[in-house]
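Colleague: Here is what each chain is made of, one letter per residue.
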Amino acid sequence: MSKTLFDKIWDAHVVKSLPGGRDVIYIDRHLIHEVTSPQAFAGVEARGIDIFRKEKIVATADHNVPTRDQHLPIREAMSRKQVQTLVDNCAAHDIPLYGLGHPYQGIVHVIGPELGITRPGMTIVCGDSHTSTHGAFGSIAFGIGTSQVEQVMASQCLILDRPKTMRITVDGELSPGSSSKDIILYIISKLTAAGGTGYFVEYAGSAIRALSMEARMTICNMSIEMGARGGLIAPDQVTIDYIRGKKFAPQGAELEAAEQYWLSLYSDDMAVFDVEHHFHTDDIAPMITYGTNPGMGMAVTDNIPSHSDTKALDYMGFEAEESLLGKRIEHVFIGSCTNSRIEDLRAVAQMVQGKRKASHVSVMVVPGSKQVEAQAKAEGLDTIFREAGFDFREPGCSACLGMNEDKIPQGEYCVSTSNRNFEGRQGPGARTLLASPITAAAAALAGHIVDVRTVIKA
Amino acid sequence: MKPLVHISSSAVPMPIENVDTDQIIPARFLKAITRDGFGDNLFRDWRYDRGGEPKQDFVLNNPIYAGEILVAGKNFGCGSSREHAAWALGDYGFRVIISSFFADIFKGNALNNGLLPITVSDQALHTIFQAIEADPSQELKVNLPEQKLSCGEEEWSFDIDGYKKQCLLNGHDDIDFLLSIKDDIIAFEQEQVIY
Numbered sequence: 019m020s021k022t023l024f025d026k027i028w029d030a031h032v033v034k035s036l037p038g039g040r041d042v043i044y045i046d047r048h049l050i051h052e053v054t055s056p057q058a059f060a061g062v063e064a065r066g067i068d069i070f071r072k073e074k075i076v077a078t079a080d081h082n083v084p085t086r087d088q089h090l091p092i093r094e095a096m097s098r099k100q101v102q103t104l105v106d107n108c109a110a111h112d113i114p115l116y117g118l119g120h121p122y123q124g125i126v127h128v129i130g131p132e133l134g135i136t137r138p139g140m141t142i143v144c145g146d147s148h149t150s151t152h153g154a155f156g157s158i159a160f161g162i163g164t165s166q167v168e169q170v171m172a173s174q175c176l177i178l179d180r181p182k183t184m185r186i187t188v189d190g191e192l193s194p195g196s197s198s199k200d201i202i203l204y205i206i207s208k209l210t211a212a213g214g215t216g217y218f219v220e221y222a223g224s225a226i227r228a229l230s231m232e233a234r235m236t237i238c239n240m241s242i243e244m245g246a247r248g249g250l251i252a253p254d255q256v257t258i259d260y261i262r263g264k265k266f267a268p269q270g271a272e273l274e275a276a277e278q279y280w281l282s283l284y285s286d287d288m289a290v291f292d293v294e295h296h297f298h299t300d301d302i303a304p305m306i307t308y309g310t311n312p313g314m315g316m317a318v319t320d321n322i323p324s325h326s327d328t329k330a331l332d333y334m335g336f337e338a339e340e341s342l343l344g345k346r347i348e349h350v351f352i353g354s355c356t357n358s359r360i361e362d363l364r365a366v367a368q369m370v371q372g373k374r375k376a377s378h379v380s381v382m383v384v385p386g387s388k389q390v391e392a393q394a395k396a397e398g399l400d401t402i403f404r405e406a407g408f409d410f411r412e413p414g415c416s417a418c419l420g421m422n423e424d425k426i427p428q429g430e431y432c433v434s435t436s437n438r439n440f441e442g443r444q445g446p447g448a449r450t451l452l453a454s455p456i457t458a459a460a461a462a463l464a465g466h467i468v469d470v471r472t473v474i475k476a
Numbered sequence: 002m003k004p005l006v007h008i009s010s011s012a013v014p015m016p017i018e019n020v021d022t023d024q025i026i027p028a029r030f031l032k033a034i035t036r037d038g039f040g041d042n043l044f045r046d047w048r049y050d051r052g053g054e055p056k057q058d059f060v061l062n063n064p065i066y067a068g069e070i071l072v073a074g075k076n077f078g079c080g081s082s083r084e085h086a087a088w089a090l091g092d093y094g095f096r097v098i099i100s101s102f103f104a105d106i107f108k109g110n111a112l113n114n115g116l117l118p119i120t121v122s123d124q125a126l127h128t129i130f131q132a133i134e135a136d137p138s139q140e141l142k143v144n145l146p147e148q149k150l151s152c153g154e155e156e157w158s159f160d161i162d163g164y165k166k167q168c169l170l171n172g173h174d175d176i177d178f179l180l181s182i183k184d185d186i187i188a189f190e191q192e193q194v195i196y
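Line by line, the protein sequences give chains C and V. According to the numbering used here, the first sequence is numbered sequentially starting from 19. According to the numbering used here, the second sequence is numbered sequentially starting from 2.
To be clear, the hints were calculated from the coordinates, so they are not data collected in a lab. The structure presented is a predicted model; accordingly, all values stated were derived computationally and were not measured. Hints are not guaranteed to be accurate.
Which residues of chain V face chain C? A few of them, derived with a C-beta cut under 10 Å, are [unchecked claim]:
1) Ala-33
2) Thr-35
3) Phe-59
4) Leu-61
5) Gly-80
6) Phe-102
7) Gln-131
From the three backbone atoms N, C-alpha and C, an ideal C-beta is built for every residue, glycine too.
Chain C on its own, in the form it takes in the complex (with noise of 0.2 Å):
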């Protein structure tokens, strides 16, 4: 019978059928981090249970870690207990930890492929909904509660109703200014923040295709955004060449039969999924979002529809019909889970080596990892940051989600390479506008909204 990828991952990890129609699914890795574990662990030992299967837990710390003098102890007090639990429930429990200070610290969702735990044909799951990033590797890959990481540390098993399928096509190649990212942000759009919800997605075309494993994970890491489960693009050539040599990757016979597996990952031709859609690159432009939702997004050229939300609208000072061209902003974030890995910052790097930030802009590049700080640094990419006058600082979630103490002031806009433009998200009352790597940094050295590629040609 013909399967779709999703259908052959899923169905084998199936541990036992239910009555009524759930399936009990057996776990392959799960990351954990400080802000959604430590009451499954306080669960787990309330119930004076083991944790059952330790070797398949990774641990870090990055949604609650300041992004400056890290190797200092955190002043804030909660976040520092916080923080501080993490270490004690992994050490109790012989987890292995990449916390502060490690060289392998970084954001859950930028270390778990970085470091080869993430591969083809697993399941994956996270107390953060962004664990979808990991389907890039033709995993299935969600993000879970902490009743169900609970649930994992007890048993290395959920009890999950069968998602439907959705493929979304998107063929055709993408022109110069246009990333990864305005082609998700592109699709939400179109589908609108609640439009997958219920749904596995596949991406598959020639677009997507073409794009490389960082750029994927851009993709697969919003689709929580339209309201899917996961994302994932079935493994090919790309995929395995981003594995191999990673640190915890297969090796040597092991690898060579790793990859026949993860090359037999993929949709049959004749498969059903229970919706599809097809985009073309032709449609996709420089992409921006007005509205406090990640599906009101728009081309960074067009005006802000007529019909928007008047809520969202007044939330972020912006009136329908009007254009964001020349807006003028105050702050720039380059970072969080969708878009702070070497290939974005070496996008923004080669974009502002030589110029300079506009003057009242505030600028922060938040390494995803420690790996990719370190590789930055290696090639002089802080140095071409430091002199356009971009705070570069050290790895975690940061101002994504306002956290830690990088939040951006009431009523100040701020272009994020973020996901998620919900209201306060970055700090009450921050107005953020969500766009590429490189958008933001056309942004931060105009110092208004601008369309890239009227500066690419410049």
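Since chain C is already given, all that's left is putting chain V on it; use the hints.
Modeller: Relative to the frame of chain C, chain V by itself:
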């Protein structure tokens, strides 16, 4: 988990669409390491001003509305997977959320915490909002065994997964079940090849 069988209560109306989990509980309040006390910061930035004073135009600060049921616009709970959103709603005192559409992860988190998400049609949602507007003390009745929701003369059936229904009725959670099938899980592991 506290069992949930029948709930009869007035309801709090929130006719806003796409209420995301950052509104339900902002990230800066996720630093606690226990499940308790999140209700104090439920809808923090809609509920209080910068100085911590209650905003009079927000529904939770309006004394005419109260109850164990929250009625909200479509796509409730979108965004982050933070279970703290379900904890905050439960800690505040809600036991049932009614909307025409729920985000996936939130719905699962709610069910895992004894908070019942009831999906109704857009029309039914409209009717309920109108009934509450006409009479803020209007009682809604939830009958989980029969899967019925009623508001005055109107009554609707709602769907819920049979397994999760039993969990809610009995106050059981998934771990109780998963621990009971450990032999099956170990047998699966022995057959599995992971690359």
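Colleague: All hints are to be evaluated individually against the structure, with a verdict given for each.
Modeller: Each hint tested on the structure:
no., hint, in the structure
1, Ala-33, "holds, 7 Å"
2, Thr-35, "holds, 7 Å"
3, Phe-59, "violated, 13 Å"
4, Leu-61, "violated, 16 Å"
5, Gly-80, "holds, 6 Å"
6, Phe-102, "holds, 6 Å"
7, Gln-131, "violated, 20 Å"
Figure legend: structure checked against the earlier numbered hints; hints not met, in rising order: 3, 4 and 7.
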